[in-house]
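Here the protein sequences line up with chains A and B, keeping their order.
According to the numbering used here, the residues represented by the first sequence are 2 to 393, in order.
According to the numbering used here, the residues represented by the second sequence are 167 to 490, in order.
Check each hint, because a few of them may be wrong.
[Stated by the list, open to error] Some chain A residues close to chain B (C-beta under 7 Å, calculated; not the full set):
#, residue
1, 24
2, 31
3, 34
4, 281
[What the hints assert, rightly or not] Below, computed lysine to any residue pairings styled on SDA-like, alpha-carbon distance capped at 20 Å:
#, chain 1, residue 1, chain 2, residue 2
5, B, 212, A, 110
6, B, 212, A, 105
7, B, 398, B, 357
8, A, 112, B, 209
9, B, 297, A, 54
10, A, 112, B, 414
11, A, 112, B, 295
12, B, 212, A, 108
13, A, 26, B, 245
14, A, 54, B, 293
15, B, 297, A, 99
16, A, 23, B, 297
17, A, 26, B, 209
18, A, 21, B, 297
19, B, 189, A, 59
20, B, 297, A, 110
21, A, 26, B, 227
22, A, 23, B, 227
[Claimed, not checked] Chain B side only, calculated, beta carbon under 7 Å to chain A, not exhaustive:
#, residue
23, 253
24, 293
25, 439
26, 486
27, 490
It is worth saying that the hints were derived from the structure and are not from the lab.
Backbone N, C-alpha and C fix where the C-beta goes; we use that ideal spot for every residue, glycine too.
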Amino acid sequence: MPDWTEHDSILRSVPQYRDKLKSMKERILADAVMLGEIPAPTFGEEPIVRFLKDRFTENALDAISTDEVGNAIGLLPGRTGNRSILVAAHVDKIWESGVDHTVTVTANRLKGPGVADNAMGVTALTALPNILESLGVKLDANLIFLGASRSMGRGDLEGLRFFLNHCQHPIHTGVCLEGVQLGRLSYSSLGMIRGEISIESQVGTDWESWSLSGAIPCMNWIIQQILSIETPEVPKTSIILGSVQAGTTYSSPPDHALLRFEVRSEEPGMVARIRGRIEEFVDQINAEHQTRAGIQIIARRRPGSIGFSHPLVKGTREVMARLGIQPTVAPSISELAALLDKDIPSLTLGITTGSNKHNFNESIEIEPMYAGFAQLVAVLQLIDKGICDGND
Amino acid sequence: METIDNWLSKNTFHHGEYWDLLKLVELKEQKGLSISLCIPTLNEEKTIGKEIIIFKSELMDRYPLIDEIAVIDSGSTDQTCEIAASFGADVYLSTDILASEGFKRGKGENLWKAIYQLKGDIICYVDADIKNIHPRFATGLVGPLIHRDEVQYVKAFYDRPLAFSQGIRPSGGGRVTEILVRPLFSLFFPELTALIQPLSGEYAVRREVLESIPFPIGYGVETSHIIDVYMKYGLEAFAQTDLDQRVHRNQSTLDLGKMSFGILQSFLNRMESYGMVDRLPEMANIFRQFQAEGNRYEQVLREIIEEERPPMIEIEAYRKKFSR
């Protein structure tokens, strides 16, 4: 059982942590800048993983390694090593290598593609050993730092899943980190599928059939059908149409169209049912028209949750309250899903505030990050003192 | 020229040779050296913050290689000074330093006043407009000074294009270097053509050298330094380090014209002070450029003889033909 005197003393220390961390400003920001400037598209993470491993070496971590899917791993041994806490951040970014990754620094913020998602999250992995040292915090538990590769889009959490399937240490608890937003408190993952529908359609050669032929009207029909699917508000369910690609000119109907979509739901089974409906539309259009339409599912998650009243969630809310952080509870579809899949109690936290995520002018604020790191240290201390143990 | 080839192989480095910061710090401490980093600024709010963060974090907080980071500002009207100070740099206004000597506006002024204001045995100057700042911009320059006592003045050069189809590539400096400075050096100071980028704004120098040379306050400061250090200590006092790529904003041709005018003034001034104006040395007719293969740099010599024909009227056949 957790020791409640220690629990209180950790909570009382949090504001002091935040203030003390200001002396580490340049060290933390230098990592965020350098991690921000290294291109790391999904499946192209080697350079950022190399940087991460170098930092792990400088921080004197143990067991520094990469595995066959290109994760960066390092271990900070605890005093007793009685349990292992996973601290994970995905290293891949949505930006291709050719994009200008220059980070600009002003007095209050860092700006550049990928600084929020996820240079600042990864910075927690490189900064945490120094942060713990400068705050004089020594944990009993081992901390396993994981820079997770192949996480986003088509990566489909491959890095983290591989690690969880092959890690030799049993993972007691997981904390996933995202650069933004501070206050994020995700303890559940949505059921989700991501897929692509592609249509190959013959284009008529005569004047009469031009206006109605080609892949666009067919895709339009599919989209209409998908939009007609009724989704319940409770449990929350949504269908997102993320991208449509077809055609290049004004006057030639294209013979190919592509739709990217995502379905999310809190209810087990709901995503599968919606997927079944969409597959029927695809079959129907193939049967009724001269088309070759197909559906490919590229990512899937099962829904999971540790629950709002889990002591880890409650403790984290207490830590946030001490720092004046307003928690934003939102289910996750990212790393957390892979951890909850394995029944590992886990959370996702944000480090600082920011704006324009996934735009060229993506930016993060400097000042709130002290609270973000203070929150992380305190949550790790609570886990270390056994806050999850009653629920084991 | 044998001296140049010998110097190129002995005194030309790549920043990668100084990657081991622990070793560099250890040697610096053994030798009892102190190092100051000086960033001269005028309205550089876009890039200054990142430079300070990287240098302070990597070369002061993590590895104590640099003892002070100073920004010397010529009166920026943007946020340059505030940003630099917020990340822990010592910020000085050029006008406040050595006020008894007055104030002249120009980068050279800031570099000169840095000698008075800063404490280091070595001063490493780095321009504030570098977009891809990295610790190598300082380590690569102070490295040779820490390792080799006879080296006095280390210049940066930039190379390594990311994609190049053949083994041998043309190499060299910017437009002003290739069009103005290299031809001048080829004519009058052939040995100085060994410097691949004599005008680069990044260099590290020992205090004894800095305190003993004059400072043009404008564009000519680098050219003038090089000539003075060469005349006093010879080519052996120099070293140069490849810092790979440098990303910065491009200057317009008009700005390069202004720069060239300033450099030419300083160059002729140096010629005058060394008594070379009314007794020009025999002009060389070998022009010296660079090519590189991997990490090996070699000079490419081209004989360019500007021969001359007399006015046509002096030719007998011409006068005869046209009855002149």
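Query raised in the report: Which hint numbers does the structure go against, in order from smallest to largest?
Result: Going through the list in order, the structure violates hints 1, 4, 9, 14, 16, 17, 18, 24, 25, 26, 27 and respects the others.
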